[in-house]
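S.K.: In case you want the letters, here they are:
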Amino acid sequence: MARQVRWGTPGKSDHYPPLRNPWVFLGPALLLGAAAMGLLLLFWIGGFRTPVAPGAVIGQHANIEARCEECHTPRAGVSDTRCQRCHDPAGAGRLNNAAHVLFGSGDPRKAAAAPRVDCAHCHIDHRGRSWALTRVDEGQCSQCHFRTFSAHPQFAVLRNHSTQAPGIRFPHDRHVAELAKLGVVEKDSCIKCHEPSGPARDLEPISFDRHCASCHAKEGSVGLVEPIPQALLIAPDALAAQGQVNFRPDEFETSRGRINKTFVRHKDDWVLANLRKMRRNIDPEGCAVERGALLARESQLRRKLALSAPLAGLDLPALQGREAALDSEIKGAEARIRAQGGAADPPAGLARLDEVFSAVARSGDAAAKAEAARLRGEIEALRGATAVPAGLPAEDVEARKRELLALLDAVEAADPALKVRAEDLRRRLLAFNPGEVGVEMLARVRDQRMAERARVRDEIILRQAGIASPPAALLVAEQRAIRDALLETRRRLREIGEAASGTQALAGEAKAVSLQALGVLTAACQKCHILDGPTMLPVRPANPVLARATFVHAPHLLQADCARCHAGVERSKQATELNFKGVESCQECHRPRRVRQDCQSCHRYHPRAMP
Amino acid sequence: MRVAQVLRPKQPRNLQVTLGLSAGLLLVYALGSHLTPWSPKRGFGLGFGVFAALAFVFEMSYPARRPAARPLFTAKNWIQAHVYLGVVALLAIVIHVGFNWPKGAFGWWLLMLSVWTTLTGLLGVWLQKWIPSTLAEVLQVEALYERIPALVEQLVAEADGLMSESSDMLERFYRTEVRDRLAKLAPSWGFLLDVRGGRERALEPLRRMVGFADAEEKALVEDLLSIYTEKMELDAQYSLQGILRRWLWLHVPAAGLLMGLIVIHVLTWFWY
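Those sequence lines, one after another, are chains A and B.
In this text, residue positions in the first sequence follow this note's numbering: the first is 1, and each later residue adds one.
In this text, residue positions in the second sequence follow this note's numbering: the first is 1, and each later residue adds one.
Here chain B stands alone, though its shape is the one from the complex (with noise of 0.2 Å):
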């Protein structure tokens, strides 16, 4: 899948929106810091303070969207302004702070977490238009992240039936060298750079294997090495759903932590 067609908006109107109100926003701070000295206090320097703080709670009410996506019509909907919101409370913070780096531990922290969540938020965007479109575009086997285990032991199981039927140097070569490796799922990160990474050098031994065999075990090795195939596309899936799912770890414990952070910091600005 080529970079631009990762980094095109599914809602090109969305962006324009969003760059419209992100020029609107950074045109207000200049007259504002042009009308009178900026403070996160007062005026201007509070109201962006206020709006990034009901963004973020905007944000945060991202899981309701199944039950009660009615106000934006559908969840699409809830996932672009979820999208492009989180960026635009980014710029708000930034500005309500007067493009300044905070004085305190606890200014940076509420920076670093909206930096954080911001970041893993966009790198989720990129991961959820990436990982798809390459696994449709690059693998033959399509599978169900919970069916995986079980579509490995399918595997091994037929794997184990074919050797079998096979001779005893190839079945001790088989038992050996390859079904501790069928059997056993090998997720990894190089998936998310190239989906077939790998492959070559796994299935060389049993290419090795193929110029040994005679006629009939020929046959066997090649169905062998289809099986194994199949299992390292299988582990591929298995390793980008899975990178699919476990990202939010990132963004969202992080986000809880922000919200945390920020209810402090408007009790506090209340207080004192």
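Bound-form chain A, shown alone (with noise of 0.2 Å):
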């Protein structure tokens, strides 16, 4: 009989097979994993992280890939110190959500109370060379507005009724109609003065020179000023004796006491100064105010162009002396707000200068204790009064803290081993505004000192680590964008003048006089300009409406003409007139599929300046 194949298993063994060893796979598993993590380990000690991160960091941050330090907190993760370090160096707080949220409420007290929110909730790195760190999650920004754009609500400017007055009169039909009659179709009649700008803007700002004189100017005179009785006026002499002016003394003419103009150039100086020294007679106390607004301004950016002295050049027995500095000055805030339980005091804030004082004395400078003490009397005989008063004039506390500063520059050059204590100082005495010494501003205080303790206290931990500081070139910007905002402030502050103490404002006969002398010398002025009362009200053209937008023509009229948005604009009458839909006119556009609709498209969330 043939062999066949057999069924099951032929024949039986002599031995039971052996159980595998469970441990064949998994040790050499356990083994490659552990080696792994050892290999990644040494790479990480040896100074090699890069196998270690999630993905390349950007390629601004290329530099310092392998020092993760310079952004990262052990045990905490990006702090937003080591963000500031480099993007705002000054310390100015401007990149961050309180700031953000003061931009779009103009509410301190909001902003005060503004969530914290870190910069790397929103700026993710380590998404790749050529990755934008401004490439933000649309749906941040949800998590507090609308969802959508066709949920955004309308501006501002329409929704309140809030249009602020250009300063001018410009019937916009007028001109369209002159334009019209040169020849200048409608539909092109805007771009003759809405110039077009550079990407970077978006339309040229009228100018009087370039868009008005050809027409509202002969020969460059806008008109003349008839005859004012000379007692009234600056004598054009005396004014050209103060510096360069852009009038000649053959365009006056004197007779009878009386003074008339008869060339009248758009910015006289003369008719300028006139002007200003009509309004500070006949109203002094608006002129205080404006005054009194721009010192307290002048006094804001003194302080943080004092801040923004950067850590990065301070060595560390300095830094240490600013950390304890701080720690000095929150303790004191935490002190007053205790003291205060929450009701001004204005003594209070009166002892803060004690510690200038005692400063000063430690300073060994003569001079200095001298004025000191001078001073000291002057504030004792406040500290004794039952109640301080509550109306001191903030030129007052101005002028006193300019002479407080200017000692303690005399502390700093007597020992320069009481700079950092000098320029603590310094700061707290600018951080001094009048009207301030409330719990709430106490807080505010101690919660700014607090943040830039933890800017020293870090910094300090990385000088320790051996982590280099950033160039301190990248103050530059910030420092001339607040220097910039300070000769502003101090330009106006001298155009606007200085009364003449216990000037009493002009009444009855006198006012009516010299307000019937002020109408007379800006008649050139007032074709277009607008006189309230002693103040030639300041002039917005084309001044943008949307305050927290960015929106560039230029796209815009590649898509449409000015009337598809600013329907009926050639019929207008007034320069406050808007002409616009609002945030319906966008939407027919932006939707979905069509064009983009992001927020980034026309917001920012950081505010683009810092003063």
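If you're looking for bench data, these hints aren't it; they were derived computationally from the structure.
Careful: at least some of the hints might be erroneous.
Stated by the list, open to error - Computed from the model, here is a short list of chain A residues facing chain B with C-beta under 7 Å: (1) Gly8; (2) Ala29; (3) Met37; (4) Ala53; (5) Pro74; (6) Arg127; (7) Leu546; (8) Ala549.
All C-beta atoms, glycine included, are put in the ideal place defined by N, C-alpha and C.
Could you fit the two chains together into a complex? Lean on the hints.
M.R.: Written as structure tokens, this is what we have:
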């Protein structure tokens, strides 16, 4: 019988087959995992950290890729202070959420209560060299704001009917009609004045010389000034003696105690100087208020400038000194908050000046000491009063501040060792604002100091870890912005001038005479400009009405003519009329599957300018 | 074995639970990403990462099923949990990164190893279902993997004995054409696709010999044919059982490497 393949197992085994060792796979697997861990840890310890990183950092951060500590704080993730070392070296806090809320709402209380949002919450790195940190998930905006563009609220300027007067009489209808007489067709008439600019800007600002002078000035003159009593005016010679002016002596005629001007330029120095003089006489209080506001701004800007001193420039002992000083300031603020218990307490504010005096006393500068003693006497008089007068003029406070700042300069010059302390005291003095000594203000100051101390502490940690300071050059742009703003404020302060002490406002007939003279003086100006009492309203031609958004006309003009959004502007009689439908006009094109409608196409999270 | 049989789950309820859980995870992702921007570092994104990491730790504890299967009652439950949770863990990883591609080498390693480990695991599931049933349905011979070499030796001895009684010509044919192939195990991946693959071609010379042999030797050649067929079945057994045992080399070391990288990933997350 032929052999067949057998079913089942052929024959029997003489032994049991051994069970497979469970470690045969697990052992090598664990070994491989451990080896990978060990290798990566060795790389990490050796400073070669790229393999452990979740991805390459952006191109701008490439040179710090292997130095994780530049951005990361061990066990705390990416801290804002590390970002601010380079991106907000002046420590102005422009890039934090509070600044965003302040920019959006204009409400400092709301800003102070704004939740903290870490930089890394929105700006995510390690996504490759070509990634842009400005690419932010739109969902971040919808955490606080509306979700889609279709739900965008009407623009505030239209919602609140808060059109800011442009400060000028400008009927569009007449100007369009005049252009039509020159053969300019209606649809081209807008760009005759509203000239599209380069890609970085929107429309060129309206300029008298370029846009108005051809019709409103004959050979450079916008009109003349009828005779005005000489006694009310500054003599041309006296003004010319003060500096360079844009008028000539032969433009004036004098007869019977009156002076008239036969040639008035746009922004004529003589007219403007007399306008300011008359305003000071007619409305000294209004001038003082404006001056006070400017002084307060100057003070804030000086404080910002003092704060913008780079930590990078300080050595380790100086940093430690600053940390100690900030500690003491924070403790002082907390003590004052506790002492005040919610009520405004000017003496507590005055007590802060004692700290300045004690520094002056330690400096060894005799002149400074004498000056301090004089100021102390005046303050003692205030301290002894049952109630500190709440109405201490802002100018007085500012004058005292300036004196104290000069004292601190002297202290610093006398003893360089006191430089750090003097700087801190200077900052504290600059933070001392009239009417802001309440708990809320103190809490704000304390919070600012705590934030600053966090930066200083972080800088100390980094120095100890051998991480170099960021280049001081990063500060230049921000400091320049503050300095420019400071120069502009000081220019305006010089312009507005200083009223003589104890000047009384004109009243009765004298006021009427002055107002009449003012009307005559500015008659040529008033063809376009608006006089509100003794004040010439500032001019804001073509002022952007979307304060918190960026709108660039140029790409829109490629799609449609001006009338598409500004229908009826050619019939407009008031410069305050916007002739703009509002957000509906934008939504006609910016909708899904047509034109992008993300927040970033119009808005910026961070306010553009620091001051 | 039909494909449908392979795809049919052993425990349909476990598949339903897995599908339900996956749908739930996707729903959480949809809601979470709608409410707040998705980030692997916080909120739901972080939660999915933690879940996936814990799932992988459970997956790695699979070898412990024999001495400590009690928490899941049986080793069968354990393998079911191992398979289904592994798939859910991969889904959790993909959700953890917000359905984005990794941006760096480390991220790619993590994702690729996760995908590789899961896919090789699923390959193992398929092999575990496909090979035993194929071996049982198609082959006549059953053999323990460890015994196959000894059985082949027995077959060679049987063939040698058989051929010692044959003519010189047949014995010469056996020595030159058959014996070496009979004595040597010939594993092949081809058996995975066709368990009888190559058999007819290999037996063809022997079949031709039947035509040349006289009546007495014809019976010997047919016995040799039977021995050679049995050896080829042992080849198939040896190949497929070998695959069944060795596919783990694709799965387990990669899983170990993945665990090592996950530990580094978690440490760097804690540290940075």
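S.K.: Run every hint past the structure and note whether it holds.
M.R.: Against the structure, the hints:
1. Gly8: 5 Å, holds
2. Ala29: Holds, about 3 Å.
3. Met37: This interface hint holds because 4 Å falls under the 7 Å limit.
4. Ala53: 6 Å, holds
5. Pro74: 6 Å, holds
6. Arg127: With a minimum Cβ separation of about 4 Å from chain B (threshold 7 Å), the hint on Arg127 of chain A holds.
7. Leu546: With a minimum Cβ separation of about 26 Å from chain B (threshold 7 Å), the hint on Leu546 of chain A is violated.
8. Ala549: Ala549 of chain A check fails; min Cβ-Cβ to chain B is 22 Å, beyond 7 Å.
Of the numbered hints given earlier, the model fails hints 7, 8; all others are met.
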